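Assemble the complex: chain Z is given as a structure, and chain C must be docked to it using the hints.
2 protein chains.
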Amino acid sequence: MNKMEKGRAPGETTQRTERKGLTIHDVAREAGVSIGTVSKALNGAGSLKAETRERVVAIARKMGFRPNDLAQSLHRGQSFTVGLISNDSFGRFTMPILEGLERELAAERIAVFMSNATDDPERERQHIDQLMGKRVDGLVFTARRADRRPSLTTNIGDLPRLFVFSQNDDPDSFCLLPDDEGGARLAAEHLISLGCKRVAHVTGPEHFEAVRLRLEGYHEALAAAGLSPDPAHVLKGVWSERWGREAVDILFADGATAPDGIVCGNDQIARGVLEALRDRDIPVPGSVCVVGFDNWDVMTEAARPRLTSIDMNLYDLGREAGRRIIRMISGEKFKGVLRLPCTLVVRESCGGTPTERKGNV
Amino acid sequence: MNKMEKGRAPGETTQRTERKGLTIHDVAREAGVSIGTVSKALNGAGSLKAETRERVVAIARKMGFRPNDLAQSLHRGQSFTVGLISNDSFGRFTMPILEGLERELAAERIAVFMSNATDDPERERQHIDQLMGKRVDGLVFTARRADRRPSLTTNIGDLPRLFVFSQNDDPDSFCLLPDDEGGARLAAEHLISLGCKRVAHVTGPEHFEAVRLRLEGYHEALAAAGLSPDPAHVLKGVWSERWGREAVDILFADGATAPDGIVCGNDQIARGVLEALRDRDIPVPGSVCVVGFDNWDVMTEAARPRLTSIDMNLYDLGREAGRRIIRMISGEKFKGVLRLPCTLVVRESCGGTPTERKGNV
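Read top to bottom, the protein sequences are chains Z and C.
Note that our numbering gives residue 2 to position 2 of the first sequence, counting from 1, and the numbers run on in steps of one.
Note that our numbering gives residue 51 to position 51 of the second sequence, counting from 1, and the numbers run on in steps of one.
Here chain Z stands alone, though its shape is the one from the complex:
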């Protein structure tokens, strides 16, 4: 089951917004079609052969054409400012998202101003008031985990807003998230491809949606390979190295049932797992292969051996948030949850040649 497809937001088109000064005439000339055909192709409206539509869209994208309605609305008396409200007091997740967002918006000469709400609804309300007082064109909300947050308590009218690496229950909101399920599936598939037959999963607290989704991905990969997971090989705990070490004590108490591969819920857990295996003189990757989640260099580089991990591609998530908020400011509507693929980054903890593989979601 591919959750990302299911969750794909409606209204997705393919225009890029990077180059300026192009008109619909340029695209028509390049494609050898009429202006009307270009318009139909880009708006997805009217009757047009699928191959014509695809060809025109591909040419427009390649040229960096930005439809006029977007260009016009962007330059019609707006403030050229988007507010980013973060609830990530570590900054570890927000900073790459901010960088991606700034990168996309800078191309439209839109500034991003970040405020930090640290999970305090009253401060968030103040930040929203202040940003609206500056007449921002849109608001982007982010957090330190891909879990559900309370709905906004402030009425921001029809101001464009989206949630990135953050999610809530309002069915009208638009949320951009990493594909946690696909990421964990990728990790488990990789271990299986290396020959692991007894793959365990050591993860965080079950009240995190990310924990539940990663667990699903793990189960899917095992099922697809015809492996039946040992229930004693799925251990939920907390997001710490200490828990990773404790989990190894549990998993390796009985040598007969010990795993030969471990998918970890984050890199800190994986680091703890690696240290505890080292303490027990269990060779990695010789006897056990280990994959983390986050691809946080502080952990992956210091681990012994260096840690294979799943990258959530937060910078790309930030760029997608930038492209979406621009289109929302220009009048497009999105809702629902859009999940972007994770990437496998191979290092020595799986014995593979260092490389990257993208989730095929």
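Quick caveat, the hints were computed from the structure, so don't treat them as lab data.
Possibly wrong hints are sitting among the right ones.
Unchecked claim - List time: in silico DSS-like cross-link candidates among lysine-lysine, alpha-carbon distance up to 30 Å: (1) Z:K40 - Z:K62; (2) C:K333 - C:K40; (3) C:K134 - Z:K134; (4) C:K134 - C:K333; (5) Z:K333 - C:K333; (6) C:K49 - C:K335; (7) C:K333 - Z:K134; (8) Z:K134 - Z:K197; (9) C:K335 - C:K62.
Said to hold, decoys possible - FRET-style restraints, in silico, Cβ to Cβ: (10) C:I24 - Z:M132: 32 to 38 Å; (11) Z:G157 - C:D169: 43 to 49 Å; (12) C:S47 - Z:F90: 49 to 55 Å; (13) Z:A232 - C:G64: 56 to 62 Å; (14) Z:K335 - C:D169: 50 to 56 Å; (15) Z:G157 - C:P150: 56 to 62 Å; (16) Z:G133 - C:I24: 27 to 33 Å.
Predicted model only: the values in this text are computed from it and were never measured.
Think of the CB as a built atom: it goes at the ideal place given N, C-alpha and C, for glycine as much as any other residue.
Just chain C now, kept in the frame of chain Z:
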């Protein structure tokens, strides 16, 4: 030698800015003096007995009195916005500074909007332009290291600006930094107080000013205790766990000259030192005591044993930046470098009872 005293910026007074609605009359009544006396005491002007001045200042501070000139200028048609420009792409150093800054400015209903320049002067210039376009009342610059940065290439006129956890060579700029020298002195003093006689220092690259200052603090503490440092016990490298592990191989190659205490330049180095000592079955704190620098919980809590460390108090640095920029907006001038004290946080890597001690700078 106390660098912080030497570096203290001129013009420091003691007013707090938290409570509102008080007037100079309230302070005069409470202190039993005339309005003129209060004014002289708070402005540090005119002739007044030192004890009177101190008493009035203490009362005004206790009452939370904010001088009228500040209140007036703050409410005279300004934008109630301060920009924070960060060059810390990790976010690890900026986020606590942002929190402290927001905390102080929120009390004055001033919003902080952060932008991320990631060491790119062109992006920094764009951010400055955009923030000035929003008519910010002041700019705060921060970075991911307390090292010197290039001077601003953008002319921001007389707009109030300061640098926090960031520094440049412009003699007119005002920079707030942690007292690196005092922090390292505190670390070495602590090891000496525990009975260590051969205290080593494993640190980062010498081109960092923080490395040079921490080295000075280390030498001062040893000199004050009558210990002469072994030159082979001072190792400069990089800011990584791997370097910490390598440094142990060097320091413990010869058991006769091995140290019994190690002051580390940051927590990652310290973590590597602890792991390498564990690999060699050298008991910590039984045979060697270890102190880190940064008090970064990701490292201190996962280390075995948990790591004693020096906290740079970045949140407090952010609060001081907030108080200063408010006063600069109200017309006060500051220049030079002001260093705020670090704190020792004791955990099991020194065997002490967990506690905190503030640098006496």
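The hints, checked one at a time:
1. Z:K40 - Z:K62: Satisfied, since the Cα-Cα distance of roughly 18 Å is no more than 30 Å.
2. C:K333 - C:K40: This hinted pair holds, its Cα atoms lying about 18 Å apart.
3. C:K134 - Z:K134: 8 Å, holds
4. C:K134 - C:K333: The hint holds at about 23 Å.
5. Z:K333 - C:K333: 49 Å, violated
6. C:K49 - C:K335: 28 Å, holds
7. C:K333 - Z:K134: Given that 30 Å is the threshold and the Cα spacing comes to 28 Å, the pair holds.
8. Z:K134 - Z:K197: 58 Å, violated
9. C:K335 - C:K62: Satisfied, since the Cα-Cα distance of roughly 27 Å is no more than 30 Å.
10. C:I24 - Z:M132: 32 to 38 Å: 36 Å, holds
11. Z:G157 - C:D169: 43 to 49 Å: Holds - the Cβ-Cβ distance for G157 (chain Z) and D169 (chain C), about 48 Å, lies within 43 to 49 Å.
12. C:S47 - Z:F90: 49 to 55 Å: With Cβ atoms ~52 Å apart, the hint holds.
13. Z:A232 - C:G64: 56 to 62 Å: Because 60 Å falls inside the window, the suggested range holds.
14. Z:K335 - C:D169: 50 to 56 Å: Holds: the Cβ-Cβ distance is about 52 Å, inside 50 to 56 Å.
15. Z:G157 - C:P150: 56 to 62 Å: Cβ of G157 (chain Z) to Cβ of P150 (chain C): about 42 Å, so the range 56 to 62 Å is violated.
16. Z:G133 - C:I24: 27 to 33 Å: Between G133 (chain Z) and I24 (chain C), where Cβ atoms are some 31 Å apart, the hint holds.
Checked against the numbered hints listed earlier, the structure breaks hints 5, 8 and 15; every other hint is satisfied.
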